[in-house]
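Student: Sequence:
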Amino acid sequence: MHIKITLVVYNLIKKNTSLIINFQMKKTISILSLLLFSIASMAQGVQFFEGTWAEVKAEAKKQNKYIFMDAYTTWCGPCKMLKKKVFPEKIVGDVMNENFISVAIDMEKGEGIELAKKFEVRAYPTLLFFNADGQLVDRVVGAMNAQKFAEMAKASLNPENQLLTLKNRVYNTDNPSKEDLQSYINKTYQAYSPDTEMLKKWLAKLSDEDFKDEEVIALIISASYTSDIHSGLLTYLPKLKTEQKEIDKAIESLGFNTIRPAIRNNVSEAEFEKQIEAIEKALPTKAATTTINNARPSFYLRKKNYAKVNNAVDQLVGTLDDNNKISRALNSYAWKYYENDVEAKYMKKALSWINRSVMLDANYANVDTQAHIYQALGKTDKAIDAAQKAINLGKEAGQDVSETEDYLQKISKNN
79 MHIKITLVVY
89 NLIKKNTSLI
99 INFQMKKTIS
109 ILSLLLFSIA
119 SMAQGVQFFE
129 GTWAEVKAEA
139 KKQNKYIFMD
149 AYTTWCGPCK
159 MLKKKVFPEK
169 IVGDVMNENF
179 ISVAIDMEKG
189 EGIELAKKFE
199 VRAYPTLLFF
209 NADGQLVDRV
219 VGAMNAQKFA
229 EMAKASLNPE
239 NQLLTLKNRV
249 YNTDNPSKED
259 LQSYINKTYQ
269 AYSPDTEMLK
279 KWLAKLSDED
289 FKDEEVIALI
299 ISASYTSDIH
309 SGLLTYLPKL
319 KTEQKEIDKA
329 IESLGFNTIR
339 PAIRNNVSEA
349 EFEKQIEAIE
359 KALPTKAATT
369 TINNARPSFY
379 LRKKNYAKVN
389 NAVDQLVGTL
399 DDNNKISRAL
409 NSYAWKYYEN
419 DVEAKYMKKA
429 LSWINRSVML
439 DANYANVDTQ
449 AHIYQALGKT
459 DKAIDAAQKA
469 INLGKEAGQD
479 VSETEDYLQK
489 ISKNN
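Residue numbering for the sequence shown follows our numbering, starting at 79 and increasing by one per position.
Keep in mind that the hints are not guaranteed to be accurate.
Unchecked claim - Ranges between beta-carbon positions, derived for each pair:
hint, residue 1, residue 2, range
1, 358, 220, 31 to 41 Å
2, 197, 162, 50 to 60 Å
3, 437, 198, 11 to 21 Å
4, 278, 195, 24 to 34 Å
5, 256, 156, 28 to 38 Å
Said to hold, decoys possible - Listed below are the simulated EDC-like cross-link pairs for lysine to aspartate or glutamate, each with C-alpha atoms no more than 20 Å apart in a straight line:
hint, residue 1, residue 2
6, 135, 211
7, 163, 478
8, 232, 288
9, 143, 211
10, 488, 417
11, 245, 321
12, 290, 321
13, 457, 400
14, 135, 176
15, 473, 439
16, 256, 293
17, 161, 417
18, 457, 419
19, 187, 252
20, 158, 484
21, 163, 419
22, 256, 211
23, 491, 439
24, 364, 417
25, 381, 417
26, 195, 258
27, 290, 349
28, 327, 400
29, 317, 347
30, 359, 321
31, 245, 258
In short, the hints are calculated from the structure, not lab data. Here the structure is a predicted model, which means the values were calculated and not measured. Here a beta-carbon is modelled for each residue, glycine too, at the ideal position from N, C-alpha and C.
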């Protein structure tokens with residue numbers, strides 16, 4: 079009996095050991111397959127150089143390659159999109175790895191802080207291209223899909239397409255042609271580096287027929303989004319043969335771009351009102367009103383005068399005639415109150431804004447804001463419910479909800 083049982087147990091152990099070994103082998107093979115797939119995926123995308131800026135330049139000189147710098151910040155959404163969806167693509171990796179030494183630098187940390195100043199990086203992501211000698215020759219601001227990125231990177235290798243070449247051409251000529259000016263002006267707005275002097279020269283060369291041209295219309299509209307009332311564009315925008323609403327939006331942009339430096343530089347209230355007067359004189363009444371209503375909340379936020387922010391936000395949303403615009407504005411200012419950690423009476427005002435925003439158009443962004451404000455007011459149960467709702471909405475919309483998931487986990491632990 080003892081012998082039979084021993085044999086049975088032995089056979090079972092032998093059989094199960096075989097199964098265990100088999101299972102372990104399959105598990106190991108699966109892990110290896112995943113690792114190999116990950117390595118292959120990394121290899122086909124952009125290979126980023128690790129090192130100091132001096133080491134990057136030395137490597138580029140050694141290999142006689144251009145340099146590509148991804149100037150990013152950790153909070154920049156489009157920067158994350160490039161990292162996650164564009165740089166890993168083979169079509170991008172093929173172009174970049176063959177022709178460039180690529181480097182990604184956080185502009186708010188370490189060496190990046192000085193590089194941001196040196197290369198005048200003011201918006202993110204900024205994509206900088208240098209020749210093998212380390213000279214900045216081209217730049218583009220903003221994210222794009224993999225196909226467009228690959229095309230843009232290829233174009234940057236051709237001196238005829240580079241911002242530096244186009245700039246030298248118009249500045250080293252007494253009377254640059256309309257075509258050369260247009261090419262240069264177009265490039266300056268792609269680079270977020272407007273050149274008002276050359277813009278005015280180009281505008282002065284345009285004929286009545288030019289204002290019907292789609293490329294001219296698009297460039298003037300685009301220029302308006304980064305120019306102010308002193309750029310000369312106000313004279314030409316009404317001449318464009320395009321939809322009036324596009325012209326109105328462009329004129330409003332000129333107004334807000336005029337007053338933005340006053341907000342950014344935290345000028346006195348008296349100086350701010352002078353800028354307001356200049357806008358009222360320069361712009362049509364409707365555009366001036368829209369500009370001023372958008373500017374006041376931002377100005378008083380900078381001053382931390384929350385009583386005036388309350389009034390300014392209420393006035394702003396009272397003039398908006400679109401529920402989506404109202405919802406976005408309320409979410410924006412509610413979140414700013416949360417970021418500024420305002421006292422309870424103002425946080426309650428933020429709650430009223432965000433509740434209205436969610437009622438008008440519930441989405442991942444504003445329900446996430448709602449969760450944070452509930453938590454700031456000590457309403458943890460409501461914060462947890464809102465965070466879960468935000469995650470669900472975000473997933474339905476295909477958005478990255480990882481930050482809210484982390485936040486939900488954090489507040490749930492403390493509950």
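Student: Hints first: check each against the structure and report whether it holds.
Tutor: Hint by hint, here is what the structure shows:
Between residue 358 and residue 220, the C-beta spacing of about 32 Å keeps the proposed range 31 to 41 Å intact. Hint check: residue 197 to residue 162, Cβ distance near 24 Å, so the stated range 50 to 60 Å is violated. A hinted range of 11 to 21 Å is violated for the C-beta pair residue 437 and residue 198, which are about 43 Å apart. A C-beta distance of roughly 28 Å is found between residue 278 and residue 195, which places it inside the suggested range of 24 to 34 Å.
Residue 256 and residue 156 have their C-beta atoms about 33 Å apart, which keeps the hinted 28 to 38 Å range intact. For the given pair, residue 135 sits about 7 Å from residue 211 by alpha-carbon distance, which is consistent with the 20 Å threshold. Distance restraint check for residue 163 and residue 478: the Cα-Cα separation of roughly 12 Å lies within the 20 Å cut-off, and the hinted pair is therefore satisfied. Proposed proximity of residue 232 and residue 288 is contradicted: the alpha carbons are some 30 Å apart, above 20 Å.
Distance restraint check for residue 143 and residue 211: the Cα-Cα separation of roughly 9 Å lies within the 20 Å cut-off, and the hinted pair is therefore satisfied. The hinted pair formed by residue 488 and residue 417 meets the criterion: a straight-line CA distance of about 18 Å does not exceed 20 Å. As the CA atoms of residue 245 and residue 321 are separated by approximately 32 Å, the hinted pair breaks the 20 Å bound. Distance restraint check for residue 290 and residue 321: the Cα-Cα separation of roughly 12 Å lies within the 20 Å cut-off, and the hinted pair is therefore satisfied.
At roughly 31 Å between alpha-carbon atoms, residue 457 and residue 400 are farther apart than 20 Å, so this suggested pair is violated. At roughly 16 Å between alpha-carbon atoms, residue 135 and residue 176 fall within 20 Å of each other, so this suggested pair holds. This hinted pair checks out: residue 473 and residue 439 have alpha carbons roughly 16 Å apart, not beyond 20 Å. Taking the CA atoms of residue 256 and residue 293, the gap is near 13 Å; set against the 20 Å cutoff, the hint holds.
Among the hinted pairs, residue 161 with residue 417 is inconsistent with the structure: their alpha-carbon atoms are about 26 Å apart, more than 20 Å. Straight-line distance between C-alpha atoms of residue 457 and residue 419 comes to about 15 Å, which keeps the hinted pair within the 20 Å bound. With a CA separation close to 43 Å, the supplied pair residue 187 and residue 252 exceeds the 20 Å bound. The hinted pair formed by residue 158 and residue 484 meets the criterion: a straight-line CA distance of about 17 Å does not exceed 20 Å.
For the hint linking residue 163 to residue 419, the alpha-carbon distance of about 34 Å lies beyond 20 Å, and the restraint is violated. For the hint pairing residue 256 with residue 211, the CA-to-CA distance comes to about 32 Å; that exceeds 20 Å, so the pair is violated. Only pairs whose Cα atoms come within 20 Å are accepted, and residue 491 paired with residue 439 is rejected, the gap being roughly 30 Å. For the suggested pair residue 364 and residue 417, the alpha carbons sit about 32 Å apart, so the restraint of at most 20 Å is broken.
For the suggested pair residue 381 and residue 417, the alpha carbons sit about 15 Å apart, so the restraint of at most 20 Å is met. Taken as a hint, the residue 195 and residue 258 pair is broken in the structure, with Cα atoms around 29 Å apart against an allowance of 20 Å. For the suggested pair residue 290 and residue 349, the alpha carbons sit about 39 Å apart, so the restraint of at most 20 Å is broken. Among the hinted pairs, residue 327 with residue 400 is consistent with the structure: their alpha-carbon atoms are about 15 Å apart, no more than 20 Å.
Distance check on the hinted pair: residue 317 and residue 347 sit about 35 Å apart at the alpha-carbon level, beyond 20 Å; violated. Note on residue 359 and residue 321: the hinted pairing is violated, with a Cα-Cα distance of about 24 Å set against a maximum of 20 Å. Distance check on the hinted pair: residue 245 and residue 258 sit about 9 Å apart at the alpha-carbon level, within 20 Å; holds.
Hint compliance for this structure: hints 2, 3, 8, 11, 13, 17, 19, 21, 22, 23, 24, 26, 27, 29, 30 are broken, all remaining hints hold.
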